[in-house]
Amino acid sequence: MTQERDRERPSFTDLRKLHHQMPRWVLLVLLAGVAAFVAGHIVHLLITLLIAAVIAYILSSAVAAIERLGIKRSVAVTQLFVLAAAFVVSTHLLFSPYLQREVRRGYARLPEFSKQIEATLLSSAEDSLEKYPLLGQGIRKVVDALIGPDGFFETTLDGSRLLTQATPFVMGFILVPFFIFFLLRDWPRFLKVLMDQVPPSYVETTLSVVAEMNILIGKYLRGLAGECFSVGVLASLGLWLIGLNNPISLGILSGLANVIPYLGPVIACSVACLIALMQFNSFDAVLNVVLLYVCIKLVDDLFLQPLLIGKSVELHPMLLVITIIIGENLFGIIGMILGVPVVTAAQKTAGILLEHRREAANRGSTRGPAVRHRLPRVPVRPI
Amino acid sequence: MVRKYFAWALDTSKASHLRVLGEVPLFKGMGENLLRKLLVDLVEKEYEPGEVIFHEGDRGKAVYVVLDGLVKISKRSNAGDRTLAVLGPGTHFGELALINQCARFATAAAERQSLALIMYKSYFDDLIRGNSAISSKILLNLAEILSNYIYSNQPETAETQTSS
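Chains as they are written, first to last, in the numbering used here: chain A, 1 to 383; chain B, 1 to 164.
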C-alpha cells in the first residue's frame, strides 16, 4: 500500500525527467512569469532604476568626452553633476516664477473649473439626452468621473492623498541622482566584470549586442527628445494663437506626453480641450484645439518622426500596442514610455544571438579550411 | 602650469595601456591625445591560459590588441595545428574585421594568462564618421600592413602563376 502511494508521488528523478522533456520555451515562459511577478512587487524601485539608467545613458557621452581629455572618470562625473545642478538652479530662477504663477492660478481655479465643467457638460447632456440618449449617458459618465465622489477633481484636491502619492516622487528625487552618479562612475567596471564572465566564444557577440543597443537606444532617445521638443514648441505656438490660457505649460505637457506612443497626444489634447471648454464655454474652441492637435500629429508622423527617429524602432503596430498595454500594466507611464525601446532592444538582441547560434552550428558542421592556404612568410598574414 | 595644479584630476591609471598602444603597428603615428581618445571606448578582457579567443572560420567582428601575456595564432592543416605566430604585448590581431566581417583565417588562443583590448567593428565605423584624425591613421596603417604582406609574398605568387 505504502509502496503504491510512493509510486504515485512524483520523485525528484521524475521531475528532472520532466525538465528534460519540457520544451525550452515553456521554461522561458515560466521564468518570464516569475520575473513579472517579482517586478510587480518592486515596481517603484525598478521605475527609479529605469529612469536613472536612461538619464545616465544620455549623460554618458558627455562623461566620455570629458574623460577623453585625460580627466579621471569620477572627476568627470562630479563635474557633470555640478554643471547639471547649476543648470537646474538657473532654469529654476529664470522660469519658475512664471510657471509657478501659471500652476498656482490653475490649481486655485480648479474648484471653479469643476463647477463650470459640470454646468457646461450637464447642460449639453440634458440637451442631447432627449435627442441622443446614448451620447447623454456618455457625458453623464464623464461628469461622474470628473466631479463625482472619488472623481478626478476630488482626488486631486485631497491633501492627504496628495501626500501619499508624493512619497514615491520624493524618494525618486533623492534616489535617481544617487543611482545616476554610480551608474555613470562605475559603468566601465560593470562592463569589465560582464566581459570577464562572458565565455570567449561569446565575447564578440556580447560586444555586438552592446554596440547595437548603444546605437539603437542612443538614436531613439536623441530622436525622441528632439521630437518632443518640436511638438512642445508647436503646441505652445498653436495654443497661443488660439488664445488659450497657459500655452507654455500646455506645450510642455504636450511635449512630455508625446513620449507615450499613440496615447500621449490624446491625453495632451484632452487636457487642452478641457481648458478650452472652461475658458471659452463653447465647443468651437474645443474643435479648434482638436484640429490643432490633429495637425501637430500629422506634422509629427510625416516629418518629425522619419527625420528624427528614422527607422530605429521597427516594431509591428500590433506588437507596439501590446507592448504599451503590458508596459502600462507593469510599470505605469514609465512602462509605456520605455516599453517600446526595451522590446526593440530585446528583438535585436534575440536576432544577434540567433545569428551567433547559426554561425556556431555552421562551424560545427564545416570545421576546417575550405581552401588550402600556403603558410605565409614574415610578416604574419593579417587575420 | 594647469597640469601642475590639476594633477589630482588627471587619469594616470592608464599610462601603461597608453604605452603599449603606442607600440601597436595598427596605431603607429598616433600621439598620446589620440591614443587616449581611442582607449576610452575599448573593452578590456582577461583570458586564461589555453582559452580560445576566436576560432578559424568564425566571422570576424573585432580587432584585438595584446596588452599583457602571449597569444598563439595557429592554423589547422592536414598535418595538425600549425603555429603561425606567438604574439606578445604591443601587437594586434584580427584586423581584417575592421574592413569586412570575413571568416577568420586562423585560430587565436591565449598561451598564458593574457589581457587584451578589444575594438568592435561598429565602434571603428563610428570613428570613421566622427573622428577622422584617428580613423584615417588606422586605415593608413592597415593599408601599410596589408601592402607589406602582399609585397613579402610577391615572388611566391609570381612563381605559382608561372608554374601553373
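Worth flagging that the hints you see were computed from the coordinates, not collected in a lab.
Hints may contain errors.
[To be verified] Listed below are the simulated DSS-like cross-link pairs for lysine-lysine, each with C-alpha atoms no more than 30 Å apart in a straight line:
#, chain 1, residue 1, chain 2, residue 2
1, B, K28, A, K72
2, B, K121, B, K28
3, A, K348, B, K14
4, B, K14, B, K121
5, B, K137, A, K115
6, B, K75, A, K348
7, A, K72, B, K14
8, B, K75, A, K219
9, A, K297, A, K348
10, B, K14, B, K75
11, A, K219, B, K121
[Said to hold, decoys possible] Taking beta-carbon pairs under 7 Å as the criterion, some of the chain A residues facing chain B (in silico):
#, residue
12, K72
13, K192
14, D284
15, L287
Built from N, CA and C at the ideal position, the CB exists for glycine as well.
The hints, checked one at a time:
With a CA separation close to 25 Å, the supplied pair B:K28 and A:K72 stays within the 30 Å bound. Among the hinted pairs, B:K121 with B:K28 is consistent with the structure: their alpha-carbon atoms are about 19 Å apart, no more than 30 Å. The hinted pair formed by A:K348 and B:K14 fails the criterion: a straight-line CA distance of about 34 Å is larger than 30 Å. Pair hint B:K14 plus B:K121 holds up; C-alpha atoms about 23 Å apart against a cutoff of 30 Å.
With a C-alpha separation of about 72 Å, the suggested pair B:K137 and A:K115 falls outside the 30 Å cut-off, and the hint is violated. For the hint linking B:K75 to A:K348, the alpha-carbon distance of about 33 Å lies beyond 30 Å, and the restraint is violated. This hinted pair checks out: A:K72 and B:K14 have alpha carbons roughly 10 Å apart, not beyond 30 Å. A distance of roughly 41 Å separates the Cα atoms of B:K75 and A:K219; the hinted pair therefore is violated under the 30 Å criterion.
Restraint check for A:K297 and A:K348: the C-alpha separation of about 28 Å stays at or below 30 Å, so the hint holds. Distance hint between B:K14 and B:K75 is unfulfilled; the C-alpha atoms sit about 34 Å from each other, more than 30 Å. The straight-line distance between the Cα atoms of A:K219 and B:K121 is roughly 18 Å, inside the 30 Å bound, and the hint therefore holds. Of the supplied interface hints, the one on A:K72 holds, with its beta-carbon coming within about 5 Å of a beta-carbon of chain B, less than 7 Å.
For A:K192, the interface hint holds, the least distance from its beta-carbon to any beta-carbon of chain B being 6 Å, beneath 7 Å. Using the Cβ-Cβ criterion of 7 Å, the hint placing A:D284 at the interface with chain B is not satisfied: the shortest such distance is roughly 51 Å. Restraint check, A:L287 versus chain B: the minimum CB separation of about 47 Å is more than 7 Å; hint violated.
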